[in-house]
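Chains U and W supply the protein sequences, listed in that same order.
Basically our numbering = 1-based index in the first sequence + 46.
Basically our numbering = 1-based index in the second sequence + 1072.
In short, the hints are calculated from the structure, not lab data.
Note that the structure is a prediction, hence the values are computed from the model and not measured.
Check before you lean on any hint, since a few could be wrong.
Residues from chain W shown here face chain U by an in silico Cβ test under 7 Å; the list is partial [to be verified]:
(1) P1258
(2) G1259
(3) L1260
(4) M1263
(5) T1266
(6) L1269
(7) P1281
(8) W1358
(9) P1360
(10) Y1362
Yeah, the Cβ is synthetic: ideal placement off N, Cα and C, and Gly gets one too.
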Amino acid sequence: MTNSLQAPRRGEPLLIDGLSKSFGEREVLRSTQLAVQPGQFIAIVGRSGCGKSTLLRLVAGLERASSGRIEIDGKTLTGLSEGTRIMFQDARLLPWKRVIYNVALGLPKNRRDDALKVLAQVGLEDRANDWPARLSGGQRQRVSLARALVHNPRLLLLDEPLGALDALTRVEMHRLIEELWLANGFTALLVTHDVQEAVALADRVILIEDGHIALDETIALARPRSQGDPAFAALEKRILDRVLQKPQQPGRVSLTHPKGSEADWPGVPAHGLRWAI
Amino acid sequence: MTYPNDTPRPGVGSIPPDQLWPGLYPETPLPWRKLATLLVAIWKRLLPWLVPVGLIAGWQIASSLGWLSTRVLPAPLAVVQAAWTLSESGELWVHVKVSAARALTGLAVGGGLGLLLGLLTGSSRIAETLLDSSIQMVRNIPALAMIPLVILWFGIDESAKLFLIAVSVFFPIYLNTFHGIRGVDPGLIEMGRTYGLSRWQLYTQIILPGALSSILVGLRFSLGLMWVILIVAETISAQAGIGYLTMNAREFLQTDIVLVGILLYALLGKLADVFAKGLERYWLRWHPGYQAQ
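Kindly produce the complete structure, drawing on both the sequences and the hints.
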């Protein structure tokens, strides 16, 4: 945490207060409470369907909360927010625009040069005139990161942006995201199913389970973090074990856990497992 | 004799030519080998033309020897001659101009309306519920089945032909525009909204380009239909145009001119298709499926 304070902070504080969201009968989030300091990097982990992406879409203003409220920079959120940008799981580049015009999307014409500068920051200035179809998956996500950063966001939401990338590219992207976050000082909210990714990047790792926050772990490791570090591994294991503790969501059919209480649940050996799916 | 490494050696698959033709190949002098490869290349180019050219030659011979009556089919040379005379007198161009103008006006009216209504029903749910089922009902009426009614409404005038063409090109463009717009990735639209695009920008930068490939498919369908309907409409009655030219020639048993008319229709159809393909290649150049190899 001390480390993240070194960078110039321009991030927005985020407050989530009693936030609930239901889709029909199904309650995805139940009176969630979360306060995020300006410039903090938060990772949200949890099993698929736990509501972590819904939380991100609520903060983005893409969904309406059933109850409760979200406050960004002291103002209650009512819709899309000017200072917030999202990086989606699929890069969502416009295939009919060349890379540079994808980055410049939504920019006024006199700021086109900025697009090229940010593209250089993600190391793709030589691909400025290519069609997105010509890029690899990792390059597409770098373009999409540049497209988000060119707006100087004060809150960056990352919705499993690296989920579809291979392990090497992912490590590369971690470094890039961390670097740009330290340089720009925005508040970051990363949804991921990869506990290692969460520990590598975040100041705080938050576990969402059954629609509420079940764990809020501060990661005090110095940056840049190394995965070989024993403290890193211990933290990762602890969080992963906690994620896997809860066997199944109620109502789901379980093949290995046909009856009995949760205490009977033998649990999954976490050794060698990196993914909380 | 050995060869410099940079000369291409014709072989079969991975087998090098020296192994394919042992003994003979390496000794062949270089200029001769070059000539041989050139001849093979020319031969390969000419091969597909062998059958059509042979057919036309056979047709010409059959006509010259009197085996084929000119009332059934005129000699190819006579057709060329007729085309030449007609174009020299300027008559041909008058008729081509009239026909092309008819077709394009019909396309502009019908296609334009189809595009506009497709954009409307594609973008707005209210417009869809209000209009789409009615349009789908009318779509099932073949345009040509309306000819008697159209003649009653418009007479055998110019407007009747325009109406028929417009009606028939309307539906392919309407349908493909509608589905093109509905097929635009909602994720891209959501992305555009979060990146602060205005409604107009969303439309021009995301929705319209996303629907374009589908709209162009509709245009190509429409261009094909346009010529078919034009031919039928011009055959019913006309005072000018390719249809008039051929029907007039039929009265006087001028089969060569009839054939000129038929070939002209084919040529114009091909021209329209080439034009549409060119549009696709330009507008969809971002699409891997349309990129030049």
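A quick look at each hint next to the structure:
no., hint, verdict
1, P1258, "violated, 10 Å"
2, G1259, "holds, 5 Å"
3, L1260, "holds, 6 Å"
4, M1263, "holds, 4 Å"
5, T1266, "holds, 5 Å"
6, L1269, "holds, 5 Å"
7, P1281, "holds, 4 Å"
8, W1358, "holds, 4 Å"
9, P1360, "holds, 5 Å"
10, Y1362, "violated, 11 Å"
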